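Undergrad: Spelled out from the first residue to the last, the chains are:
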Amino acid sequence: MTDLTQLGVKDIRDGVRSGAFTAREVAEGFNAAVAEAAVLNAFIVTTPDHALAAADKVDAARAAGAELGAMAGVPIGMKDLFATNGVQTTAASHILEGFTPRYESTVSQKLWDAGAGMLGKLNLDQFAMGSSNETSYFGNVTSPWKKAGSNAAMSPGGSSGGSSTAVAARIAPAATGTDTGGSIRQPAAFTGICGIKPTYGRCSRWGIVAFASSLDQAGPMARSVEDCAIMLGAMAGFDPKDATSLQMDVPDWEAALNADLRGKKVGIPREYRMEGTDQAILDSWEQGKAWLRDAGAEIVDVSLPHTKYALPAYYIVAPAEASSNLARYDGVRYGLRDLPDGSGLQDMYAATRAAGFGDEVKRRILIGTYVLSAGFYDAYYTQAQKVRALVARDFERAFQECDVILAPTTPTASFPLGSMNEDPLTMYLNDVFAVPASLAGLPAMSVPAMLNEHGLPLGLQLVGRPFDEQGVLNAGLAIQQRAGFTAKPEKWW
Amino acid sequence: MSNYRIQGATGEWEVVIGLEVHAQVTSHSKLFSGASTAFGAEPNSQVSLVDAAMPGMLPVPNRECIRQAVRTGMAIDAQINTWSQFDRKNYFYADLPQGYQISQLYHPIVGEGQLLIEADEKAGIPEDKIIGIERIHVEQDAGKLMHDQHPTMSYVDLNRSGVALMEIVSRPDMASPAEAGAYVRKLRAILRYVGSCDGNMEEGSMRADVNVSVRRPGDELGTRTETKNVNSVRFVMQAIEHEAMRQVDVLEAGGAIVQETRLFDPGTGTTRTMRSKEDAHDYRYFPDPDLLPLVLEEDFLADCRASLPELPDAKRKRYVEVLGLTPYNARELTAEVETFARFETLLAETAKTIGKDESAVATQVANWALSVAPGVVKALGDEADLANATAAAQASILAMADKGEISGGQAKEIFEIVLKTGRDPAEIADAEGLKQVSDTGAIEAAVDAIIAANADKVEQYRGGKEALFGFFVGQTMKAMQGKANPGVVNALLKDKLG
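Chains as they are written, first to last, in our numbering: chain R, 2 to 494; chain X, 116 to 613.
Everything labelled a hint here was simulated from the structure, so no lab data went into it.
Hints should not be assumed to be uniformly reliable.
Below, simulated DSBU-like cross-link-like pairs (lysine-lysine); rule was C-alpha separation at most 30 angstroms, straight line [to be verified]:
| id | chain 1 | residue 1 | chain 2 | residue 2 |
| --- | --- | --- | --- | --- |
| 1 | X | Lys518 | X | Lys611 |
| 2 | R | Lys242 | X | Lys259 |
| 3 | X | Lys204 | R | Lys242 |
Note that the structure is a prediction, hence the values are computed from the model and not measured.
Just chain X, same shape as in the assembly:
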């Protein structure tokens, strides 16, 4: 249970949150036409006759969009409805050429599913939590009005008109802004793993309608408001925080919450009324007579299933159980597609270079990928050319470290030079003298000399002052100019000090 509570003047309040996430389906063409979906094109350059709703034009479903919605449904363990239907949502607006949006009200393509958000003490999520997903349906996006092109008129850009969206509707299962944030992040990760949406919130590929209500702990659900088109995780959390506080203030002042649609203002972090229930449209939904019911065949479903990649939860589990990573590292590495992709490439390359199983080198690679390498890159700043950080180069460094040829510090130094110059790591190690000495003879000589020069300390150590061991290591390393293999130094010292 979330322990998030709002402390009002009259006591504690719980928050109840449900999210409707609109995710643009990754596909080259629109939901019902062949026009391109690429972002950032010249206004009205990606508009087919269908998108502009010319007389007599008809929608034909784009199989790829349907496929992506089904794969997304499968990725959240949802019921896939093999019989679904498109409905028309009727309303007039200048960005809606048909005068209706083709959507799915009565029979969505994806039914009940769920998503796991992981415990994150720091973020205020004490334990793992399952968030219910009520449905996913596919629908057309609208065009865009441009109000800044002409002093008295508005222009319309129909490039987005007809682009496929998935509307992913959660149950009102979230109880804090943190949980809502975690839900959106996790959903985004799943969409990106599956490849059904690029998750790019800045370009509007993903946006959320946020439903919020408050109640006394244990009470019935309160009246909710819906805040439209919130387009970042941070804004979702802000909108909830503000809206919940506002509702508490209203209720504690003796007022009532009005069911209404609100707008979020990212500038102030506040929400304001857009339209009340009385102004709500009557959308006159009815099944689109231009389209037959969508019937999914078994083969199609099997193809969709077979094409699913390993998903975040399964991957995280495997990282812990098979690769032996810490839960923290596993979570960090699986959070983003790019992160795990880089990690898995480097892991494979390193295992191959060293000649060991992946599980034998995974911890080393994970530490490198999560902390060592990013540290070096960050310290270098603009000097780092990330193109030089190839998997082969990094694997070569990790292999030298694994064999004891270089120390951890040398590994960082070599990587720094690699980032700056793109030179070969082995060559750098040789040429720059960045190798540690594992030659027992040379180290033994140094050790002998130090023992001879510090007879008093040797006496004390042997007398039980074991903390002095570090002193001997330090002296030896200093004598070797830091290039002695610490393992060899330790072993020799242990041996000679008795």
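Isolated chain R (complex conformation):
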């Protein structure tokens, strides 16, 4: 019998439907794989019973001849930023340690309704702030990948590092991620998997611990473009509980997948040729162009002139929103409360938040508080919003000349854990290619392209017009078919 943990979403769904294996067998297989891989620290809590219960429900439904949902029998990892009813939800923070919501996020509920089960809550950068998964209160996640000739623990990327590791290590066929400024795409690129951030508003934010509300979007992380299309279909949809949710029908992305790109134009943004980008990354970009040309697309040069201002603008807007979004963690109603003897309300706030937030979270709260304060607001926040509008306009203009944009996902491959901690700015630069699409709210995806000279995966990024997830997925599929990326980390855990 095949090792079921090697299968992805589509194969598991089809196998369960056809009766080739049961959902329970799948869940048991992955539960065991999760248990074996504890050293990767991908999960903050595991929920094998949840996965089994969902599987049994699917098996019973199949036995009764009922129609099965899009994710029926697929056990997934849930980033620990999604509120899960009765299961601890921490955002990888001390301040929410032990917090167990009595409600279920819209996206996770939709996945359960589609027949998925939960293997556990995945580790992440604390409050989704980080690009290496080193800011979690529960310890960093370790990538299953190793640099050739080195035993150094590598970064799985962030903030969805638990998700990328779990999927790359085959301990989950797919996982949810969230992307505020690259948190799905960068870890996907680092670990040789696919991940798509849909158009802002496609997936409800209700029940997802907020980082930066105007940027946060949930999306799937899986090992193929098809798997992403299936899972995104189950996650997306209008939600009246989220005022920024898109009131649009969800297309059948899987059914409309088509790698024939004849008649399509692929834009190559010249401003993305930046100093400090690895040669291997530039080579993979060239290779990507060749693959898409081979798929029938015309390659055109486009300009995104405000690209270099995107990252600075992002590091004003996102911390500003975060400083306000995280004000609710105050020790009054839930989560950590640190109440020193004889202290008052202000002391309780200070003590609770000092103990409850990690350094990176504090850094961003401070930045955000600063840029919003009287006298600085116009110089920083207002100016950043103007830049944001200009970045969005750049894309609008570029999409008059092309249908989809191809760029690297990251300027480097994965790096050893601890190697980038000296200067937060170096770490922030890792999201330089990912952030512009976030600011513009556009659908963007990373697909694996190849391994670099050190045997580490490199990803290519596709950015589409608003609501054109299909165009992004199709171009991704064209690359996937030509890249033939089958490399997987050697099991060392």
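Put chain X on the given structure of chain R with help from the hints.
TA: The following block gives chain X in isolation, referenced to the frame of chain R:
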């Protein structure tokens, strides 16, 4: 112009007043959540996940609250902004679960409007005055801290957390406590007419922040102070009076006014410092990224407009011009929703019962509603059962009076019995003999007898002493035991005395 001046030791001072009125929007659920807004519930029994700011919760605007704010704006002739935005006002406090209040700083839903306060000599308002309203914005209320539940800790009740408030900001156009009082009363009446706020100041549905400064007549504006959360018309007036006097004292002693937030103490009628400008929060306002800009469609605005009732000024004008009421009666009747509602019901019922136009009976009904009926009710005190004072019963009494079947005094007596017993007025008139005689024959006999018995007075009257007419009326009424129709008595006497 107001002639209100404070006489200081060194001369006269003018007072400049602006008010920020917080009015709780009448709606079943909160501004951004489905939780109930009913007053007086058990602590923390009306709190949704959104109100408690649980992780991942999001606000969704309540259309009814938006509608009420727009209708209120329309009622004060204000600019309605079809594009507005919610902002976050950031500060930490235990009654503020999100760590920010969702409000509207940069782009409020309602812009420039105005309100008329009417001349009231007695109150010290010599002429009608327009008070400018700068804006109305909607925002969330905070919860409530309870300090009396535990010896060392404070408890938090989040029932009010997230309830929709309208903040109605006036221009600094008021120049006396009387004008400020009239403004609050008028604003309250408009809100209650529109139905956007119940105006209940005791329950905190309406409260005012009072901005006061003083200056020499004609000078530039002085430095102002803001006195927070004043919750009655009387307290608003007291707070202004005290605060203006305090400022004059400070200035005349050579001091300077500090821009600060103050608290009003209803017990002493005085204000005291709450926090100075140096301690002011930096609220770090920015547009709430959880909410899209609020765009109002034409249909929605048309619906809001169509749903507006006749407003106090228009109603008062109609009462004078169409119903022929005195300006005083018109103002009294339109001041409160309950008053005009009762009046209009009774007016319609009376006109129908009598079979005349409303305008033909309006004065009679207004006098009844404003003075006769309240007089009877007051005199009866606890004996009066107001449930008996139905429009039908009162209309029946008014109709009998209109036809001359009963006198004014009998009307009062009948109403008194109605209030006590709920019996039918016509039946009371019959059974209790409370009817006046209009039978010419009986009255004529009485008149003849009186003329015969008072030949000397008849002589004097005919000789030009016309004041004696009253004597003859009185004698006739006495002979008829007060039940003669005075009109008939008058006519017969005039005829017979020549």
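Undergrad: With a cut-off of 30 angstroms on the C-alpha distance, tell me whether R/Lys242 and X/Lys259 pass.
TA: Roughly 26 angstroms between the alpha carbons, so the hint for R/Lys242 and X/Lys259 holds.
Undergrad: Hey, X/Lys204 versus R/Lys242, does the alpha-carbon distance stay inside 30 angstroms?
TA: holds (22 angstroms)
Undergrad: Starting from X/Lys518, check that the Cα of X/Lys611 is at most 30 angstroms away, please.
TA: holds (24 angstroms)
In summary, this structure violates none of the numbered hints.
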